[in-house]
Amino acid sequence: MLKVKETYCTISNLLPNTQYEFWVSALNASGISPPSERAVYVTAPSPPIIKSKKIRSCENAALVCWESGDVNPVDSYTVELSKLTDEENGNTITESIVGIPNCEALIHLQPAQSYRICVKALNLAGSSERSEPVLIHTTGTYFCLNEDTAHPLLAILDDGFTIACDELENLECDLPVYDNSFTRCIGILGSLIPFPGKHYWEVEAEEDTEYRIGVAFENTPRHGYLGANNSSWCMRHIITPSRHKYEFLHSGMTPDIRITVPPTKIGILLDYESYRLSFYNADIAQHLYTFNSHFQHYVHPCFALETPGTLKVHTGITVPPWTTLL
Amino acid sequence: MALKQVSSNKCFEGFQKVFEHDSTELKCKMRFGIYLPPKAETGKCPVLYWLSGLTCTEQNFITKAGFQQAAAEHGLIVVAPDTSPRGCNIEGEDESWDFGTGAGFYVDATEDPWKTNYRMYSYVRDELPKLINANFPTNPERMSVFGHSMGGHGALILALKNPGKYKSVSAFAPICNPMQCQWGKKALGGYLGSDVSKWEAYDATQLVKSYPDSRLDILIDQGKDDQFLSAGQLLPDNFIAACTERKIPVVFRLQQGYDHSYFFIATFINDHIKHHAKFLNA
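So the protein sequences, as listed, match chains W and U. Note that the numbering used here has the first sequence beginning at 8, numbered continuously upward. Note that the numbering used here has the second sequence beginning at 30, numbered continuously upward.
Chain W with its partners taken away, still in its complex shape (with noise of 0.2 Å):
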């Protein structure tokens, strides 16, 4: 309650995103009128916080997702992007979304170019301040590595694409395991990659690592290895006492292929639409070997690891010319 004598107030410090209602009582000597009728207004929502982490995007696409401000729920949100250009109002905004129902947006973007997107929340009272921006390049697919899926005994470095297993002992002992992770295989899973058309990464290994990298549908189980079911499918690494020797499994079965450069840097193009996944060694641009495959759903990359070693995930390259024909 505020006591004025003017016929007008301000109130300040409210909450945003919440319906109020005001009323009036005048006051004389003699005592306080009735309360007039209610007015109510709705505050204007908080700007919204974009998961930057959890941002994925390819050459003509970036999906982005973000939490409300707020606890109570808006009416929508509005995605606002620019396109970066080398000009001095390189803000300009070109192209805005509106009515986005969910907390998550998938943008078409073009490719090589450079994007700042901001989101706003809506309700009743109009629009709220723009959330904090976030740049994305569409150079080519950017992914993360899923921290919750991870092995107890894999390690994500601090550039967040660099993962480290120290030693393979105390396999059965007592480890933290969360619902999602990877119990025997000492793997992990980089985030869904829910764009159609063409993808490539690279990872780079030295040459006595031995390691598993391909890709696994969402339900690949956790209890499994890599390959070794009909949901992954990946190159794999293994050091003999004669010979390095690859395999290239799904559904535990692999063809029978010699390779005699050992790759230390491995190309991966995944390829929706021609139904295939393809290894290459990038240094070199040979194609080492592909699956055909009719993905049914979308795939997330998978990376696993079979000695104490690294492997660096190398994100956001252009698809190389070299990889289109075969």
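Worth double-checking, as some hints may not be accurate.
[Unchecked claim] Looking from chain U toward chain W, a few residues come up when the C-beta cut is under 7 Å (computed): (1) Asp246; (2) Ile269; (3) Thr273; (4) Lys276; (5) Val279; (6) Val280.
[Claimed, not checked] In silico PhoX-like cross-links for lysine-lysine, where the CA-CA straight-line distance does not exceed 25 Å: (7) W:Lys252 / U:Lys194; (8) W:Lys272 / U:Lys276; (9) U:Lys56 / U:Lys227; (10) W:Lys272 / U:Lys303; (11) U:Lys214 / U:Lys159.
Simulated from the structure, these hints should not be mistaken for lab results. Note that the structure is a prediction, hence the values are computed from the model and not measured. All residues carry an ideal CB built from backbone N, CA and C; glycine is no exception.
Based on the hints, put chain U in the right spot on chain W.
The following block gives chain U in isolation, referenced to the frame of chain W:
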């Protein structure tokens, strides 16, 4: 050099032709198959040379391998010569199927009575490309080679002895180490004489050991049920070991259930055409 057209059949909107000419290297009439893709009507195309195996002529590959569709799609001219000089009336040339007629082994013979005519190495490396480039719409800088069995051996030795000349090489069930197998010992001994050091120049496993750089990208397909593999005639393990040592990039695929025949070649020919197209059309 006069070319005489022997046959022409339209195939996947291009033409599969066979020509005959008088060879100066081989001193006899020689035939070759040539596939001209649709693109050859309006522009120059790269050339892919196919070398056939023991007992073949210029006919086997063009009628059995089923390569024309992929060649048309990728705009490649494909040339398939015969496997030896013919009708030279050399004593003993028809005695065995793995020596003499149909078994030239892509060498230049130094022994009598073979040295006058049996010069398949020089024929394939020099005379044939010169003839092809003079008579067809080719891009002479863009040339690759592949083959089967004895022709696989031919393709590998041509690529290894001429660094930079061929943009890519691939093989089906090649004879990788002729110095160590029965076929090779018979042929190299017969054509080159008993001095084994002279055989090294025509043995892919030996040649790899002194190959100057590693910019070759080799694809090899081998049937797992190939009778000649189990008979020790092909010896791919020796070649793979040598390439691993010299860091020459090879992808070697052992194909379950496949034998030595053209059914095996037809199954994987598209992968090989695509392998070459990647380098020839780059």
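For each hint, the structure was consulted:
1. Asp246: 5 Å, holds
2. Ile269: 5 Å, holds
3. Thr273: 4 Å, holds
4. Lys276: Interface hint status for lysine 276 of chain U: holds (5 Å vs cutoff 7 Å).
5. Val279: This interface hint holds because 4 Å falls under the 7 Å limit.
6. Val280: Since the shortest Cβ distance to chain W is 6 Å, the answer is holds.
7. W:Lys252 / U:Lys194: Violated: lysine 252 of chain W and lysine 194 of chain U sit about 32 Å apart, past 25 Å.
8. W:Lys272 / U:Lys276: 15 Å, holds
9. U:Lys56 / U:Lys227: This hinted pair holds, its Cα atoms lying about 24 Å apart.
10. W:Lys272 / U:Lys303: 23 Å, holds
11. U:Lys214 / U:Lys159: 31 Å, violated
Of the hints listed earlier, those the structure fails to meet are numbers 7 and 11, in rising order.
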